[in-house]
Amino acid sequence: MSVRSRGGVTGDLAKRNVMRRNWALLLCFGSFCAGMFFTNSCSRMWIMPEIGNTSRTSETSNKQLDIESKGCSSKVVVKNASTDGLQELADTQQVIRMINKTVSDLEMKLAAARAARETVHNENSVSGNLKTVESTSKRKYSMVIGINTAFSSRKRRDSVRMTWMPQGEKRKKLEEEKGIVIRFVIGHSSTSGGILDKAIEAEELMQGDFMRLNHVEGYMELSAKTKTFFSTAVAMWDAEFYVKVDDDVHVNIATLGATLSRYRTKSRVYVGCMKSGPVLARKGVRYHEPEYWKFGTAGNKYFRHATGQLYAISKELATYISINQDLLHKYANEDVSTGSWFIGLDVDYIDDRRLCCGTPPDCEWKAQAGNICVASFDWRCSGICNSVERMAEVHRRCGEDEHALWSASS
1 MSVRSRGGVT GDLAKRNVMR RNWALLLCFG SFCAGMFFTN SCSRMWIMPE
51 IGNTSRTSET SNKQLDIESK GCSSKVVVKN ASTDGLQELA DTQQVIRMIN
101 KTVSDLEMKL AAARAARETV HNENSVSGNL KTVESTSKRK YSMVIGINTA
151 FSSRKRRDSV RMTWMPQGEK RKKLEEEKGI VIRFVIGHSS TSGGILDKAI
201 EAEELMQGDF MRLNHVEGYM ELSAKTKTFF STAVAMWDAE FYVKVDDDVH
251 VNIATLGATL SRYRTKSRVY VGCMKSGPVL ARKGVRYHEP EYWKFGTAGN
301 KYFRHATGQL YAISKELATY ISINQDLLHK YANEDVSTGS WFIGLDVDYI
351 DDRRLCCGTP PDCEWKAQAG NICVASFDWR CSGICNSVER MAEVHRRCGE
401 DEHALWSASS
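For reference, each letter of the sequence shown is one residue, going 1 to 410 in my numbering.
To be clear, the hints were calculated from the coordinates, so they are not data collected in a lab.
Hints are all accurate, no fakes.
Restricting the straight-line Cα-Cα distance to at most 30 Å, the calculated cross-link-like pairs of lysine-lysine (BS3-like) are:
1) K173 to K198
2) K330 to K294
3) K155 to K198
4) K173 to K155
5) K275 to K301
6) K283 to K330
7) K173 to K140
8) K266 to K301
9) K170 to K140
10) K172 to K155
11) K283 to K301
12) K178 to K140
13) K283 to K294
14) K170 to K155
Construct the entire structure; sequences and hints are all you get.
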């Protein structure tokens, strides 16, 4: 090939390269314009419209928002919060708290229904209460009174039956018309089906006023028995209050109902005579606390709790016990155990001294003054001393009018 022809080829290549550079420049310029247009569009997307002719007071600072844009991202900076803004925040927090409480209540009711179903299933094998549960599950009761008793306390039970506890048709009428359930509460012996259990079964056939628990009876097992009572009762009866009372205490039922009715609007109520006795570390003494070391140094006192002769709790607290019964700790003393289950909960403690009056003349003087006692017993005996012999006398001198129970509003 000649030199001339090679020179012609070189010229053609140079022209082509110039054209390619021109196109490249044109494409770069076009891309730059498109980028500028896109950036402006993103900025316009975040422009906040201003409200004209809006007056501001000088007493409160204005709520100002700065919008910093970079590309298509933005950051909102709150420089000053107005009083109105703070109020709105407080209102929002209040609404959130209400929603959380509602959700918590619904969760508790769902758990209670599950626990009730399981408890009823377990109790039927011992107490044979399936028909009772089915017939009463839809009924709303005012209170369930569980009278704690033992195998050896037949005479105590009879003294209660002959005084403040209605019998037969009157007891059934009390449930139907007043929504008040009263039962003697007892478990079974360590040898289930033995002579002790057969004696209770025979008494139940005659009286029909027992609530049998899936629980082995024993003095050191009172905390477990109380826990089982509340769990079983809340599964069997839908009541506003659940009451635990000993079988050597005198009770005025109408006065008890009127007292508890004052607290119907509160969801978590613990009513009783609140006390804080010493923690007894020395072995061999009555009410010895094996776990005394948990309460600090020697000489310390227990936390506030209701005395065990008689106290009442609302449905929500009974439900709480039912749901958490496997986790709740048991101390040596039943009333201490019950009080410990509510430590840390949002509970209203009601200290009402009418629930722990003395026997005559104390309760008699108060009755004459128009301040009728709910419950009467002797502190030195943790119940009425010689209750079998004295229950009738206490009832005669300190009992409410016999028509009070039936004339009281439901």
